[in-house]
Amino acid sequence: MEYFDIFVSILGSAIRLSIPLLFTALAGLFSERAGIFDIGLEGKMLVSAFAAACVAYLTANPWLGLLAGIGVSIVFSLVHGFASITNRGNQIVSGVALNFVAAGLTVVLAQAWFGQGGRTPQVPGEGRFAPIILPGADAMRDVPVIGPLYANVISGNNILTYIAFLMVPLSWWVLYRTRFGLRLRAAGENPGAVDTAGISVTWLRYRALIVTGFLAGFAGTYLAIAQSAAFINNMSAGKGYIALAALIFAKWKPVPVMFACLLFGFLDAFANFMQGKSLPWIGEVPVQIFQALPYILTCVLLAGFIGVARPPKAGGVPYTKER
Amino acid sequence: MKKTFLSLLALAAMSTTALAADIKPALVYGTGGKFDKSFNEAAYAGAEAFKKESGTEYRDFEPTSDTQGEQAIRNFASRGFNPVVAVSFAWTSAMEKVAAEYPDTKFVIVDSVVDLKNVRSVVYKEEEGSYLVGLLAGMASKTGKVGFIGGMDIPLIRKFGCGYVQGAKAAKADAQVFQNMVGTTGAAWNDPVRGGELAKNQMDQGADVIYAAAGASGLGVLQTAADNKKMSIGVDSNQNYVHPGSVLTSMVKRVDLAVYNAFKDTKDDKFTAGITALGVKEDGVAYAIDDNNKSLITEDMKKAVEKAKADIIAGTVKVHDYMSDNSCPK
Numbered sequence: 001m002e003y004f005d006i007f008v009s010i011l012g013s014a015i016r017l018s019i020p021l022l023f024t025a026l027a028g029l030f031s032e033r034a035g036i037f038d039i040g041l042e043g044k045m046l047v048s049a050f051a052a053a054c055v056a057y058l059t060a061n062p063w064l065g066l067l068a069g070i071g072v073s074i075v076f077s078l079v080h081g082f083a084s085i086t087n088r089g090n091q092i093v094s095g096v097a098l099n100f101v102a103a104g105l106t107v108v109l110a111q112a113w114f115g116q117g118g119r120t121p122q123v124p125g126e127g128r129f130a131p132i133i134l135p136g137a138d139a140m141r142d143v144p145v146i147g148p149l150y151a152n153v154i155s156g157n158n159i160l161t162y163i164a165f166l167m168v169p170l171s172w173w174v175l176y177r178t179r180f181g182l183r184l185r186a187a188g189e190n191p192g193a194v195d196t197a198g199i200s201v202t203w204l205r206y207r208a209l210i211v212t213g214f215l216a217g218f219a220g221t222y223l224a225i226a227q228s229a230a231f232i233n234n235m236s237a238g239k240g241y242i243a244l245a246a247l248i249f250a251k252w253k254p255v256p257v258m259f260a261c262l263l264f265g266f267l268d269a270f271a272n273f274m275q276g277k278s279l280p281w282i283g284e285v286p287v288q289i290f291q292a293l294p295y296i297l298t299c300v301l302l303a304g305f306i307g308v309a310r311p312p313k314a315g316g317v318p319y320t321k322e323r
Numbered sequence: 001m002k003k004t005f006l007s008l009l010a011l012a013a014m015s016t017t018a019l020a021a022d023i024k025p026a027l028v029y030g031t032g033g034k035f036d037k038s039f040n041e042a043a044y045a046g047a048e049a050f051k052k053e054s055g056t057e058y059r060d061f062e063p064t065s066d067t068q069g070e071q072a073i074r075n076f077a078s079r080g081f082n083p084v085v086a087v088s089f090a091w092t093s094a095m096e097k098v099a100a101e102y103p104d105t106k107f108v109i110v111d112s113v114v115d116l117k118n119v120r121s122v123v124y125k126e127e128e129g130s131y132l133v134g135l136l137a138g139m140a141s142k143t144g145k146v147g148f149i150g151g152m153d154i155p156l157i158r159k160f161g162c163g164y165v166q167g168a169k170a171a172k173a174d175a176q177v178f179q180n181m182v183g184t185t186g187a188a189w190n191d192p193v194r195g196g197e198l199a200k201n202q203m204d205q206g207a208d209v210i211y212a213a214a215g216a217s218g219l220g221v222l223q224t225a226a227d228n229k230k231m232s233i234g235v236d237s238n239q240n241y242v243h244p245g246s247v248l249t250s251m252v253k254r255v256d257l258a259v260y261n262a263f264k265d266t267k268d269d270k271f272t273a274g275i276t277a278l279g280v281k282e283d284g285v286a287y288a289i290d291d292n293n294k295s296l297i298t299e300d301m302k303k304a305v306e307k308a309k310a311d312i313i314a315g316t317v318k319v320h321d322y323m324s325d326n327s328c329p330k
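Chains as they are written, first to last, in this note's numbering: chain A, 1 to 323; chain B, 1 to 330.
Here chain B stands alone, though its shape is the one from the complex (with noise of 0.2 Å):
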């Protein structure tokens, strides 16, 4: 009975297959939950938007812990899932292992560098984003004081903060930047409350602006400074709408580029492995305007976030990468 079962059902997957002649392709979040209205919920809005033009079902899955990464990377693998994305930094050493077992699949990792012949990693230059939004910050800045409150402290969190110091010290070669860290573990990315007292903190010694990159701990950090009737800058998604008048831009990574291309890609055969590395160029990063923070740039500041883009792209303004040499130019 079982075998009859099990047979019926392998049929069954295999007709699907051979159907649709499609691709089953799967995500795996980092640990801050599918909708953390920041990084993982890009993702997510990248594979939706990937279901909604081709009619291909997904699946995905949220690790609560460090731990559960390499399980559903392998399960998924294992299962015959193609393609698989996983975002985040934090399954650096599951991909590596899981995807040298698993030669035929295609894997994808997204803010970390994995490299084996069938892996696309897929990084940001996030010191390019977080330069135009410092710029903004350093503009909107009346105490010529911004803030930096970054997640878990890791290199690629530090490479946030020294883009945006550059761009701020761009703005205002004066600009005094305070930069603090919500923790050096992953429960870092959830503890709003922290944050909040942090932002208060930099408050009280005089910034105006403060940017969060750190995920949901970021969260309380926007609080804040609505609350104290300060700015504040989101990151990943777009968060101008968590508090309008509030948030004066975010720094937007487009993560569902990433994985939508993944998806795509596959799909079409086009699957190329290696590191891509998107910037303000690719449109990979930008700072965010809509509704929500239209009042807050004034035309001045449009103007010269603009100008620093094209300078950007044309190579005239070279941003450094934190995790290039591992320091910040000061």
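This is chain A alone, in the form it adopts within the complex (with noise of 0.2 Å):
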């Protein structure tokens, strides 16, 4: 195999695998940035993936699955919000119990429904977001070197996929171009200039958790009804707390957090790849090493090696009106 067809490979597979990442951190990226912090965000994919796959199995249509993943995460988000907005609880504590709830009652579930020991039927292909060949993706597949990257790395993916990489500037433009961005922004640098301003920090946050929500469902879906063909019990493996790291790596930017999730899909892939092949003059690598490498990163990181990585200054912090 020839080392661009590898890396070819590789590419294709990180793209794939970086899209739940990028889903969830972009989610992340709306809470964050309104001074709520979301360690739900793997439930919120978990709870997603499995409304997803029930929908999408008993209807066969992708499109009621991708609904009924974004209802559920969004409810979800909204349960954060009474917990940790309106009765000002801590946000950690919530997000963590939401976790718990969303591995448990997910299998539960669907053992109660389907009795596959926590998972759900498989989907039928009807009802799977299936790969879209673009336009003369085979036509120039011969062409060399951007014959094979459009064809397989940019052709092929799932429509989801395109849509991850649509919400990139979509972000960036309502985060920074758009009345509601900038006073959500602004409710997690000082919320008090908001409220002084005449602006419900309440409900911008609860708005700023329904976003959450909706992209968090999206990266649901993709795991349970685009990746996989069924739901399966703690299918998100670890995914929500990646997502939040790629966030802090890209320092609460939007357009950083795409090239973070990239990266650290390509990881990912990369480490897929090695596993038992040798590198030259180093020999065999663990491939731990490379599994290891999104949170090495992000320590670096946040121990101020690559500059300085500042969370919203009012993050974490419930918002009391008045004493």
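Derived from the structure by calculation, the hints contain no laboratory data. Small disclaimer: the values here were computed from a predicted structure and weren't measured. Heads up, some of the hints might be wrong.
Lysine-lysine pairs mimicking BS3-like chemistry, simulated, CA-CA at most 30 Å apart [unchecked claim]:
| # | chain 1 | residue 1 | chain 2 | residue 2 |
| --- | --- | --- | --- | --- |
| 1 | A | Lys277 | B | Lys169 |
| 2 | B | Lys145 | A | Lys277 |
| 3 | B | Lys270 | A | Lys277 |
| 4 | B | Lys294 | B | Lys169 |
| 5 | A | Lys277 | B | Lys294 |
Build the complex from these two chains, which are given one at a time in their own frames, with help from the hints.
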């Protein structure tokens, strides 16, 4: 196998692996920028994966599955909001609690409804998001360099992949070019000022969490009915936490978030490829090194070696209007 | 009040045992869950078969984490269940502890060896079954490249891979076999996304038949193979039906027999402790053929695999066991 083919294959794999991270990290971006820490991203991914798989299995329609995934994820977001905005509870505790609820609830419901040990049945082919072959992909295949890249990396992904990449400029635009975005960022930096201007911090943060739920719903749906064809217990396998790491690594900015997710996805794909193979001069490298890299990079960043990662100032602090 | 209730309960318990003169079997699954379409489901099938035949109820438990196994086994033993069957290598140390504490209870462990007087250890010669499916994979492959995807990176799973490699090379001496493991922790049995991604990776390198020995992660492998019009091989239970026409065959491990025999032998008072190794000869491992994959297995392939089976039984073909020396012949 030529080196270039290997590179293309890893790149394709990296894209597929980074999409759930990208959706989730963007979801986290909205809530954290509004001043709500959300450890519960992992849980939202799980419940939306479960809902999407259930509905797609029953209706054989992926779009209804997506709708269900988003809906359930928003409900979870609102519960988080109720605990941490309305009742001013600890955001970390609420997020962790919701993760446990998600991990347990999905398995119990799946077992009760389908009796397959916490799994949903296989979603039929028409109930999944199928790969889209972009026009000219086959004709381009033989063009050197660009051809394989176009045919195997850019083309042949499912619609959610393209939506994920569209969400990046869209998020940037919403956060930096709209009134809502400006106020949202202000609520995360100085909610007192927002309140003084006569804008409800509570309502603003709730809306941020709805956006979070919306985006996390895409992530779960992607896992369940685009990348695989069923819900399997705990199938998010820690991706929510990696997405949080990517968010921090990207210093809470939408475009760097995309690159961070792509980097983490690439490391994952590279780790998969490197298993059992040896590098020249070095010999066989344990794959765990590559798998641990995202976390190591995040730690290095947080320790201040790659610039300063400064979280939104009011993040994690419930807003109290008056005592 | 409480006392009368308790004594009533005790009386009730005694009377049922007296009436049926029966056994109280219990079954502890591995962490993959009862209906994993694979290993644990086979154990469940064995227990159900016994229940249907004898009418004896059994209790079972699905531990969801590695720490629950010991608790579950001890719980059953302390409440007088006998025999207590635990399937999965993960319960080895738990079994060692609990079986020593309850010398009068009969225990069975599947997939591992516990050297105690009241424990029967059932192990399988997975290398033999994997050899057979490896042979089929090697013959079915058009590219001469086949893949293996294991769940957790443990010697037991390497044993599957090692047998498979030997089988594939027996079919085509220059066959290339890619081997990957999903992970190194228990989570590796439940990560279909990574399983699928590893499968895609192997296909990009040219593999066109991929054998998954990875619990529920294997479902991701089977799915990816079906999506990409390649072939896959299932494991433990017969998984041919999961994607008819894409699953070439399954390496069936008769965990159901181990469970069934454990229950039945206890009932008939013929329970024996010690190690039972089930191979091709004992029908403990086999390749699966049914309506779903009939069209994929040609006459030549069938002949070759039946011959290999006969050779293994006769002893003319020896499949190397990875676990005997922790290495695989190249």
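Checked hints:
no. : hint                : verdict
1   : Lys277/A x Lys169/B : holds (20 Å)
2   : Lys145/B x Lys277/A : holds (16 Å)
3   : Lys270/B x Lys277/A : violated (50 Å)
4   : Lys294/B x Lys169/B : holds (23 Å)
5   : Lys277/A x Lys294/B : violated (36 Å)
Checked against the numbered hints given earlier, the structure breaks hints 3 and 5 and satisfies all the rest.
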